[in-house]
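Novice: Protein chains in written order, with this note's numbering: chain A, 1 to 320; chain B, 1 to 519; chain C, 1 to 361.
Check each hint, because a few of them may be wrong.
Simulated crosslink set (BS3-like; lysine-lysine; CA at most 25 Å straight-line) [stated by the list, open to error]:
(1) Lys341/C - Lys223/C
(2) Lys341/C - Lys363/B
(3) Lys363/B - Lys404/B
(4) Lys404/B - Lys251/B
(5) Lys223/C - Lys404/B
(6) Lys341/C - Lys404/B
Derived from the structure by calculation, the hints contain no laboratory data.
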Amino acid sequence: MTGIYALLTSILTITLRAGTSLIYATVGETYTERSGILNLGVEGMMLVGAVSGFATAYYSGSVVLGLVAAMMAGALLGAIHAFLTVTMRANQVVSGLSITLFGTGLASFLGERLGPASNNHNLVGLVGPRFSPIAVPALSNIPMIGALFRQDPLTYVLYLLVPLAWYYLYKTRNGLNLRAVGESPQTADAMGVDVIRTRYLYTILGGVLVGLGGAHLSLAYAPGWAENITGGRGWIVIALVIFAMWNPARAVLGAVLFGGINAVQFRLQAGGTTVASAYLNMLPYLATILVLVVMTWWEALSHRIGAPAALGLPYMREEK
Amino acid sequence: MVERSPVPVVQMRGITKRFPGVLANNHVDLDLYAGEVLALLGENGAGKTTLMNILVGLYRPDAGEIAVRGQKVTIHSPRDASELGIGMVHQNFMLVPTMTVAQNVILGMRDLPFVPDMVGIERRIREFSDRYNLAVDPRAYIWQLSVGEQQRVEILKLIFRGADILILDEPTAVLTPQEAQDLGRMLEVMQAEGKSMVFITHKMGEVMAFSDRVCVLRQGHVVAIQRTTETNARELARLMVGREVLFRLEKQPARLGNVTLALQNVHAANDKGLPALRGVSLEVRQGEILGIAGVAGNGQHELAEVVTGLRPITAGQVVINDHDLTNCTPFEVIRSGVSHIPADRMSMGTVGDMAVADNIAMKGYRLPPLSHRGLLNRRRILDFARALIQVFQIATPSPRTHVKFLSGGNIQKTILAREIDACRGLLVAAYPSRGLDVGATEAVRRRLLEQRDAGSAVLLISEDLDELLTVADRIAVLYEGRVMGILPTAEAKVETVGLLMAGADENAAARQTAREAFD
Amino acid sequence: MKLILRKRETVSRRAGIMVPLVSFIVSLAFGAILLAASGANPFATYGAMIAGALGSGYGLSEVLVKSIPLILTGLGVALAFRMRFWNIGAEGQLTLGAVAAAGAALFWTQGLPGWTVLPLAILAGCVAGALWAGIPAILKAFLNVDETLTTLMLNYVAVLYSEHLYYVAWRAEGYNSGTERITELAWLPRFFGRAHTGIFYALVLAVVLWLLFRFSRWGFELKIIGANPTAARYLGINIARNIVLTLLISGAISGLAGAVEVLGLARRLQQGISVGYGYTAIIIAWMAQLDPLAVVFVAFLMATLLVGGDQIQMRMRLPASVGVVLQGMLLIPMLAGNLFKEYALRLERSDREPAAQEEVA
């Protein structure tokens, strides 16, 4: 019996750890897409967040400063994307992809230049300050669920952030305006909501959270810096947003799913079976396609759930 | 009716508004008094919506002044109008389908708490709802609502924000007769509270039923302002449509052949799912032009689309040249030799980002000599285009110029060139001279007559009665998806047609006209 | 007074040339700043990049090597984009093309005459890519499912599957990862360093596509669908059929890219097949404004940047990622500048006048 408990507990722990960076980034990207802007630059933003967070923490000795740096880096890339897509009305797909390209290259570049001379200016292999897991007294001793309370501070912040993100989006005046902008910018505009400001705001905010997600990798999860530390997570985030149907609370489910699959597969590999791992890994992406198909079909019937209707389309007041 | 206070609640003086090529409002003076319902009557293009768009802050007038409650004002934006208590319910609703009624009502409102008290808001909406007879569930999602209910949400939006001057643009266009009656009752309640309303319409019945006064606009200026009780439908029709000297082109007598197009009891829905055609039956023969009259929005678009395969039919039959083409694809219809000059020349009839020559070849490119075994013969296409450019006198710097840079008249000529060249039997023309200057209009009409004389059947949909009376051999009037009557042009009188367009049935219209002969 | 953007009356040809040019210069400037900030001399660096990439036989051959998959995927993507079908699945289509070509060469052509192996492997690659693009095409054409996201998701499935193959299912004895070497019968010959004859496929295809776009009925219809789908329908063009057909071809071309990478370069299925060419292809296609011949040129330019980046890593001890960063930076000013082809910046009195296309009623 204890064997199973231990297994489940460790899966839960690993899932939460693995899922934290995903959830931050997914919440961020959800907000961005809710405003109607598709941001395919998540991978690049996470990498830049990771490297700037780590480098700042390393030199300053403070993880918190590292976090701030990561958030600012994410905000900057988010601002570039917003400028290109909202003001310059560029194609959102191309803009996002170039941010990924740029961000990925920039992160590699910084990773190979920002290090101390002693390490050949490289950041790889360095040990820097990190967020360590902090056990909440008493709660962490509960069997199984206790795993929830043996996490690092960034995960704890999520316990607050996710419900807040949900509440903000669905229960506040700002959230209402945001949703309207993503569904029907013409209507929102006609009703006096500043579409441009909204899109800028939430694209940059999304960038902040995505950068945070990247920082979690280099300041808590890995920790440290390595090339390709994100391992494609940025793309998973984009899938997760759809999977969660643009609902920040459901993002947790998705992140747990993806993170959980990772964890299970880890266990399986340790146990000797590797056959199923690739197929398991594919499941989330296939599931997302399925979700898309079902949603589109359902939406055609009922206008109920679906992507923000104006996602990916530039908004111009004069031309209809 | 509430006793009028001496100062009108809205005064518009000398409003003038110009758009490229059109004078939409020409020194219009208008007063609106508190507690009254004013109808703005006129045909399409008369300037009604433009005038109200100015009042509600969407347009700025080129000249003129507006005073609200005695104070001169400048209305820069819908927000300004809203602060003055003026609000408009447009024909195209501004609603977010995936949000609830209550959410739509409060969207964008300024003084809302950060976390809006939805329960309280819903309660207030229900109160307004009950008071003004605007039954709607505040928690319902917009996509769940009927069009009539959606309109009520639009009105509630205005009331919630404290509007007491309401403008309704063609409000009954999307309502069932039942809902239209409900609307009428709502207007009464609001009126009793001292609110003022303007509604824009082309329907005589509504004017007579709902309004206290009526203002008739024609071609940008006011032709009459009357108390409704002091006028009648016939007079209004005459004022609306005008009695200009009609310019009749030299027309050969029709040489009729076989029936080319036959519609039998056709029913079809519009984009919103509402019935647009309700049992339309008509025939067009070779060598004749059948004109379809009626104010836009009564099923004309759908009629053209149904004949050309762009819209499915829910009942009835479409027979072209004895082939049943009910619910066929556009390709099959084109292959049967049907040509279509669409109402929307830029978004449907041409590809603006492609060359004039390409656009001209867009029907014929599938066949030799323009293409052979899947490969286009560019030189032949160019020659073909040049020939047609000359014949149709399309003014373009070069056949390679992108169509979007041409003037409206030349774009239309491009479409004409293509469609007429490809026509083998039936030509459907929807509003072909809309927005064109006199010269281009004349060219279009001449071409239509040429086709007719060459033996084609032409179905001409137009909102310009003059055009129909000039060009068509017979006129069918469409109102709310039904054919109200089909008259030979030679016998049709402007007033009769006007009445039919406004919803009177054929017999009533004939009686009215006959009565006039005795006056 | 306010800076306002006004839509231009005519397409400015001058802007069409000036914008990419100015953007290129701006991005070089940004790159120079980055280089200077990290202690390198920008001019020396740029010089070394060019010299490294184009100044030596080795460099030139490597540029060709990288150009091949970039041209092919660029063509495939440009084809789809012409119809406004946002196919960002080139990466997955390329990967499965490589898988199928390797599979054909390694396993499925046993017992067949030797001269058939190469053509069949190439064919297999094309078919695999076509099918992988066909799925999202059908979903879009008949169920109206957004293609951006479906093509993206399928990339991951393809890459994961390929990883499974070369780490597990098809792994050769004694190797950590990767399949057996492919039989020489299926090799594409190399003619200049590692540059292989795949380049000819790429160039020929570019010319063929260019000709088809200009002279074929299909190209004509594609253009119409991309420019105005409403008009396309009105003209009787079958949009669904065209979407599927075009995407099958687009996927086949990207599949071909994967096939020639395996058959000409790696000569086995191994890690390094999917390195993001499919994504770079999107940027190439866009920068080339969807013109097939321009795609060749832009792909070449991108390859130069990549190889140049590799070169300066060795010579100047700068990170190879400089090339990638520059690539990304190249695009950002271009994206911004693209606006000016359609709009002109003017100083005007601020007014809330809507544009002159309002309905008059």
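Novice: It remains to establish, for every hint, whether it holds in the given structure.
Specialist: Against the structure, the hints:
no.	hint	in the structure
1	Lys341/C - Lys223/C	holds, 20 Å
2	Lys341/C - Lys363/B	violated, 31 Å
3	Lys363/B - Lys404/B	holds, 19 Å
4	Lys404/B - Lys251/B	violated, 34 Å
5	Lys223/C - Lys404/B	holds, 15 Å
6	Lys341/C - Lys404/B	holds, 15 Å
When held up to the earlier numbered hints, the structure conflicts with 2 and 4 and fits the remainder.
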